[in-house]
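*Asks:* Produce the complete structure using the sequences and hints provided.
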Amino acid sequence: MSVNTIKCECGHINHEGTVLCEACGKPIKGNQHLDGNDDQRVLEMRYDGSARRSKTYKRTFIDKTWAFFSSVKVGVWLIVITLIFSALGTIYPQEPFKNSPLPASQFYETEYGLTGKIFYQLGFHNMYDSWWYIILVAMIGISLVICSLDRYIPLRRALKNQKIKRHPTFVKRQRVVSSTDKLSDENYQTIKERLKKKRYKIKEEDGHLFAEKNRFSRWGPYVNHIGLIVILTAAILRMFDVMHVDDYVWVREGETRVIPGTNQEYYIKNENFSYDFFDAEEDEDIRFREALKNANGPIPKDFQTDAIIYKVKGETVIGEEPELEEIKRGQIRVNHPIQFDGYSLYQAGNQMDSEYDQISFKINGENDQELGKFTFDTDEAPYQIELDNGMIVRVDDYYPQLEFTDKGPSSFSKFPRNPGIIFSVLNEGEEEGDRFFYLGEDIISLSDESTLTMSVTDIEKRSASGLTVKKDYSLPFFLIGAIIFMIGVVQGLYWYHRRIWIHPTENEYLVGSHTNKNWFGMKKELDEIFEGTEFNEFKDQSELK
Amino acid sequence: MDFYEISSSLLSISFFIYLIAVVFFGAILGKKRDERQKSKLTTIGIILTIIGFIAQVASFIFRWMEAGHIPVSNMFEFIYFFSMCLIFAFLLIHFIYRYSIMGIVALPIAIVLIGYGSVFPTEVTPLVDSLQSNWLYIHVTTVALAQAILSISFVAGLLYLIVKVNQEVRSKETSYLELIMYFVVSVIAFVVLSFSFGAADYEAVFNLPENGDYNEISYTLPALIGPTDSELATTDHFYTGIEAPSFLNGAEAARKFNSLIWSLLTGLVLYGLLRLLTRKRIGAYLQNKFGKVNPDVVDDILYRAIAIGFPLFTLGGLIFAAIWAQEAWGRFWGWDPKEVWALITWLFYAAFLHLRLARGWHGKKSAWLAVIGFAIIMFNLIVVNLVISGLHSYA
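As given, the protein sequences belong to chains E and P, one line each in that order.
The numbering of the first sequence is the UniProt record's numbering, which starts it at 1 and goes up by one.
The numbering of the second sequence is the UniProt record's numbering, which starts it at 1 and goes up by one.
I should point out that these hints are in silico values taken from the structure, not numbers from a laboratory.
All figures in this text were calculated on a predicted structure; none of them were measured in a lab.
Glycine included, each C-beta is placed from N, C-alpha and C at the ideal position.
Watch out, some of these pointers could steer you wrong.
Only pairs whose alpha carbons sit at most 20 Å apart, straight line, appear in this in silico SDA-like list of lysine to any residue [said to hold, decoys possible]:
| id | chain 1 | residue 1 | chain 2 | residue 2 |
| --- | --- | --- | --- | --- |
| 1 | E | K328 | E | N272 |
| 2 | E | K160 | E | K213 |
| 3 | E | K523 | P | N294 |
| 4 | E | K117 | P | P245 |
| 5 | E | K269 | E | K311 |
| 6 | E | K73 | P | L353 |
| 7 | E | K293 | P | E123 |
| 8 | P | K365 | E | V76 |
| 9 | E | K523 | P | G360 |
| 10 | P | K256 | E | N296 |
| 11 | P | K338 | E | N99 |
| 12 | P | K365 | E | V72 |
| 13 | P | K338 | E | E95 |
| 14 | E | K301 | P | V128 |
| 15 | E | K301 | P | Q132 |
| 16 | E | K55 | P | G360 |
Pair ranges (Cβ atoms, derived) [said to hold, decoys possible]:
| id | chain 1 | residue 1 | chain 2 | residue 2 | range |
| --- | --- | --- | --- | --- | --- |
| 17 | E | L88 | P | H237 | 36 to 44 Å |
| 18 | E | E508 | P | S175 | 50 to 58 Å |
| 19 | E | K293 | P | A58 | 23 to 31 Å |
*Replies:* Structural data, given as structure tokens:
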């Protein structure tokens, strides 16, 4: 990174921009302003006075960009701005949640008036995938990377190069210090024992002592930042369609359908769709009677699709029915998706009794004696049905979803949601007979002088189950990122990097101590270690400032 | 007595025990720390808090037995569980720091929360299908505990501000502190009003025409603000005749707005009375009372609470939440308002940690941030559930 170097009087060669010599800790003249600790009594120990690129080079555009993104202040501002915009986006529902047939351009204004209009015009109705929100999050990501590199590399070097023997200034100007004129060997050994008991790693050289523990906690912030970067990278990956399948399928009871998003490889059969609501009449739910009475509508207890998953066997030939092989059978319920070959199917929607499956009729003659009965199956939709007594019921017209237009009756769709059927009832050999129109679950006779009556005896409806189809290759990355983040946070927050130096000079012993946080605990620990020895009471020099 | 009644009685008992405990904690105010620690009053206060806590836990268990699922599935239950966690966190802090004076702030907050929660329907509710998962136990309990621990940082922050804000002259800081006091008083006003009018079975009904039919909206507080384009059906009830502004949408919005106005007005009256009685800013009055508090310890508690609460919140509010969302809805993140506000909470405390650890924001700055953090948590709990609808508005 740098070509210029600074040689300290201890002989160590430091990078340009170093504030405290990496080896002995002596403040490097002329660089003190970099950490803003010019005439302070206490050394600014942040990042151990190492040479940070952002503080050293401020000439080129790249330097300036680097310095910008490595600043904690900028990072915090980015967080705060993201926070505020995220909050603004929740004032009104986002477009996908607006739950209205109106287009967004009308919805917000009609529903919320002027403020809604402004919300829409500012583009807040699609905030979280708008380009500027993504840029904001991306900037946080860049800040995470640069911030971490700018600090981690020099800090690691400084902690690696630190020597046991420090410069007296370095020890004296630590925040919490003490000193003594004399120190008996016995007490020196006691201090060492106590340090060991407190899990300090002790190194000695020429009467100098250096005790250190929990250096790894210094890496906590960088580890958690890596976790976040992994998560953001996963989010970028997820933007590519190949990374995930996201589809929806409606399957009627008894129906077998290809599962979308699976390259026509998998089929699902809905064997049965069942649902259950809480019922205050039932023993099991009687404890909820009060809540059920007050509820606005029935409260769903369970929705369940009994499904069979098939895989296509061999090559599919276009236009031919594929050969299917059952690979899985099970139930799909909310909170319990069915999984196969990396795909998951979630119970997401239901169309309860939305379609007519079978409608049964009977035909009565004069004096109400029954002539015959038959069942119309909406899937088969036969052209004619022969009754036991030889009569024929001809289906003249069938409208699965009946509606009336200017041109008369027609069908809105091919799904039997509101079937209308026109029948002709013929005796054997006849061409014309009495006509009946089945609509709205009722029968209208179309022939004026009919001696026959037709009536509906039974209606069987069927439900459709709505399933979301998901496959997501990015999930493991998110999970790994989250785990790394948690490890980093715990590592950084619950351990403290503590160092203690005992430095003999010609006429006294100095003690300097440093911790990256929790001075409260550090002071307590120092008191315990040095208790009963010749050392004076520890002094917090930051209070003197 | 069935489980439900036992549970309700136990909750009332614990509520009153907490109230008595506050009195004991209040009695130690103004004493030096050493005296406080030795004082019998402190011991009694703590013992009472523990008894109250045990009663509340027992009440929770009975309710669990009644409902057949962990009672954290509606507004009443969540707030009730949250207040229980707050007491737990307070006791924990007490046994680590032996700093009982926190109780004088923590307990009243827990009491107000229990009161506020009890305004919502208290009957046991069935679990809708999407909540029927073991993740309900894991996700909701971790979030409640994390938020309670984060609230302890608010308790510490408030204590810090009461002690450290200069009350000799009026300043922005004293005004904001008064604002916090006013909010607390308004919440108390809301609870008291709801229970008083509830006890009197007050109900004013409005008819709101909708598609040629009438929609009935019932008010449990006298109507200062009625629903837009509506008519008072129970004409013998009080009504100012002022209608809610039309931008307040939804049938319930006007009723909630009415309650809000009531709370703020009654809060204003209560606050004014307090000012008259003490002849000082409430903050100044409290500062006198609190006097001898070591701000360094309080600041340390504040930080420690966030250092524990933040990772726990990340785990419960984001990671567990995402895993459950993936299992229930097939997407781990969907920008649902509750999710966004969990992210906002997380971002806020992340910013807090950066400011404190990298930029040295200690003391008062930290304390104000802790107050804002609590405001965000309360916003997510109350406003997001009641005003901004989304997948989480089960209450």
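*Asks:* Now, for every hint given, state plainly whether the structure supports it.
*Replies:* Each hint tested on the structure:
1. As the CA atoms of E:K328 and E:N272 are separated by approximately 15 Å, the hinted pair is consistent with the 20 Å bound.
2. Distance check on the hinted pair: E:K160 and E:K213 sit about 14 Å apart at the alpha-carbon level, within 20 Å; holds.
3. Taken as a hint, the E:K523 and P:N294 pair is honoured in the structure, with Cα atoms around 16 Å apart against an allowance of 20 Å.
4. Our distance criterion of 20 Å between C-alpha atoms is met by E:K117 and P:P245, whose separation comes to about 17 Å.
5. Pair hint E:K269 plus E:K311 holds up; C-alpha atoms about 11 Å apart against a cutoff of 20 Å.
6. Restraint check: the Cα-Cα separation between E:K73 and P:L353 comes to about 12 Å, which is no more than 20 Å; the hinted pair holds.
7. As the CA atoms of E:K293 and P:E123 are separated by approximately 11 Å, the hinted pair is consistent with the 20 Å bound.
8. Annotation: proposed proximity of P:K365 to E:V76 holds, straight-line Cα distance about 15 Å (limit 20 Å).
9. Taking the CA atoms of E:K523 and P:G360, the gap is about 18 Å. The hint holds against a cut of 20 Å.
10. Simply put, P:K256 and E:N296 have alpha-carbon atoms about 18 Å apart, close enough for the 20 Å limit, and the pair holds.
11. For the suggested pair P:K338 and E:N99, the alpha carbons sit about 17 Å apart, so the restraint of at most 20 Å is met.
12. Under the criterion of a C-alpha separation no larger than 20 Å, the hint pairing P:K365 with E:V72 is consistent with the structure, at around 17 Å.
13. Taking the CA atoms of P:K338 and E:E95, the gap is near 16 Å; set against the 20 Å cutoff, the hint holds.
14. At roughly 6 Å between alpha-carbon atoms, E:K301 and P:V128 fall within 20 Å of each other, so this suggested pair holds.
15. For the hint pairing E:K301 with P:Q132, the CA-to-CA distance comes to about 9 Å; that is within 20 Å, so the pair holds.
16. In summary, the hint linking E:K55 to P:G360 is supported, as the alpha carbons are separated by about 18 Å, within the 20 Å threshold.
17. Between E:L88 and P:H237 the Cβ separation comes to about 39 Å, which falls inside the hinted range of 36 to 44 Å.
18. At about 52 Å, the CB distance of E:E508 to P:S175 agrees with the hint of 50 to 58 Å.
19. Taken as a hint, the range 23 to 31 Å holds for the pair E:K293 and P:A58, whose Cβ atoms sit roughly 28 Å apart.
In this structure, none of the earlier numbered hints is contradicted; all agree with it.
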